[in-house]
Amino acid sequence: MPRTTRLSCAVAILACVAAALGGSAPAAAQGQPGITADTIKIGTFGALTGPGYLYGKLAMNGIDVVFDEVNKAGGVNGRKLQLIREDDRCDPATAITTVQKLIHQENVFALIGGGCSNATFAARETIEQAKIPFVVVASVHDGITQPPAANIFSMALTSSIESQAQLEFALQQGAKKIAVVSMRDSWGRARYTPLMEALKTKGITLVADEEMSPDANDATAQVLRLKQSGADAVIMVLFPKPAAVFARDAQKLGFKPILIGQTGIGDPAAFEDQVGVPGATAKFTTISMVKYTPTDPAVDKWRTLIETKFPGDRLSTFNLFGIGAAQVLVEALKRAGPDLTREKLIAQLADLKNLSVDVYPGPITCSPTDHRCNKYPAWIAKEPGGPIKVLSITHVQ
Amino acid sequence: MTMLSYLLLSGITTGALYALVALGLVVVNKATGVINFAQGELFMVAGFIAWSIHVQFGFDFGISCAGAVLVGFVLGCAIDRVAFRPLLRADVVSIVLATVGISFMLKGIGRIIWGGKGDYLSFPPITSTDPIMLGDIVIVPQQIAVLAGALAIMIAFALFFRFTRIGKMMQATADNAKAATLVGIRIERIYTLAFGTGAAVAAAAAVLSAPLTLLYPDMGFSFFIKGFAAAVVGGLTSLPGAVVGGLAIGIVEALAGGYIHSSMMEVSAFIAIMLVLLIRPTGLLSFYKARRV
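Protein chains in written order, with the working numbering: chain E, 1 to 397; chain F, 1001 to 1293.
Derived from the structure by calculation, the hints contain no laboratory data.
Be aware that a few hints might be false.
[As the list claims (entries may be wrong)] Below, a list of computed lysine to any residue pairs in the SDA-like style, where the Cα atoms sit at most 25 Å apart:
id, chain 1, residue 1, chain 2, residue 2
1, E, Lys227, F, Leu1255
2, E, Lys80, E, Thr308
3, E, Lys283, F, Pro1125
4, E, Lys353, E, Gly337
5, E, Lys227, F, Ser1268
Please build the complete structure, drawing on both the sequences and the hints.
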């Protein structure tokens, strides 16, 4: 056999072997990290332990059940989704190493997650440099999406959106004297600063502006000062612990304004329990990223899936955060097509317009210049002893 | 006037929490000369133990309290065996670092066991939630319970150190360990007892204050810092000093928050500590002993 013919045969055999090994996977996807002929590896990070686990572990459980459903239906363009979890413990330094591990050691194709804002914000630079698509589930820090990084898209309400919504809600309720009680750590400042800007834009002057530490055990001084100011609405930029102390002491001292929370105090039932004083949360309303409460029949399907896969768990709002973000990611992956690349997924995420998923209060819209894709906070409240109810939905422009 | 009354009451209640933590620190320091940096985490673990017994397993509050105090005592003794006794002849920095290590370990254990059960766990109040009117002042009964608890523990320890044989042996060990050994006191046992007792105090404090503070695995450090500050103000070896220090810090915080601005609450306590240490470096209720020559 002539040498050229033997060479041609060898090339042909190699091509056949390569085609057989590659199966039906398109050639473009083969060079992509985290992708095989039949799987797409997706990394997730957040707190699996500690107080932040609600925004980490529970949201991840939500992502997990969405991926299970997609996989049962055949996967995304023929590939099954595989979720790799890592614990960032809500710690910025750990978040950076966790993300590095997912990107370089686990070789994941894309990231979905982020619970604690400070941790996710710390990891932003690493994620941006790696040019890996990242869908934010629950971290609200503005710095994660502003200025926009080409590859990071937030399905969480950002802190500035929530702050604007808090003010809008106070005005809608007819508040004439608005006061603020806030934490001034980095989490609090990320909300407090845009709130001050929103107040300035509307020409509103606060009647009182008080501080609390995240570990506060007493709020008598703050309550007395706010009571003296005659405030009829108090915007709370607080974690659940200081917020519970504030609500308890407000009730004790007979101060009964409208209490306006945010997603940091996203579970009115748990909050009522934490306050522990009957009637103290009667005028408390807070923001939810999702339009349903866990007991709503509309989320029966997800309740069954969560409670089956994670025995002992009950469907929570935090599961719904993960479900919403995962549905968005899955849709973008589908639209990116079988020749999947990170660039294609990023392009599809940036092009999402009016996408409705099961749980968010409004449609998801991203653009190349604005990656804060969820701008519809839902207002929820719980009458003492009663169920949680969705009161209204605000569209923040 | 009403505002002043409310602020004073609030300061006294918060101060009582600090005093409870400070009491545990002082008991250990009084006998061993060491500050137990794991005191805040012992407070946290004991609070969760009580929560588990009372809320998770449904036992009576008294049983949960006794269980937490017992577990606290055992943990304290274990700290002595693991982190203090092997380092008895090491320098004080090594011992302090060992207690810091224990604090991180306890926090990790707390996160693993109780970190996934809710962001902040509430502990059912041991008293009625209905406020009590005292003239124009409204008081939450749980606050009185905390204050009464702090005073009861302080009095119990004052009596213990003054009238019991073991208390006197602990005092003697603290004053001069070598002399105590010469007169037959087994100082290792005294050290174990001191660590155990200090942790048991932390446990009692945790049970009393849990309904006011909520429980979370990272709560220990902030309580330790305030308790340590109270102990420093009081003189580090004085039990009444710990209570006075705790109450002073609580009151300063409340008054600064009410009359200046709430942003001053955290700062004011530490300004007060600096002033106390400048004026009386040994603390408010600690006195240099005059020695006859």
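To see whether the hints hold, each was checked on the structure:
no. : hint                   : verdict
1   : E:Lys227 <-> F:Leu1255 : holds (16 Å)
2   : E:Lys80 <-> E:Thr308   : holds (20 Å)
3   : E:Lys283 <-> F:Pro1125 : holds (23 Å)
4   : E:Lys353 <-> E:Gly337  : holds (18 Å)
5   : E:Lys227 <-> F:Ser1268 : holds (22 Å)
The structure fails none of the hints (numbered hints given earlier).
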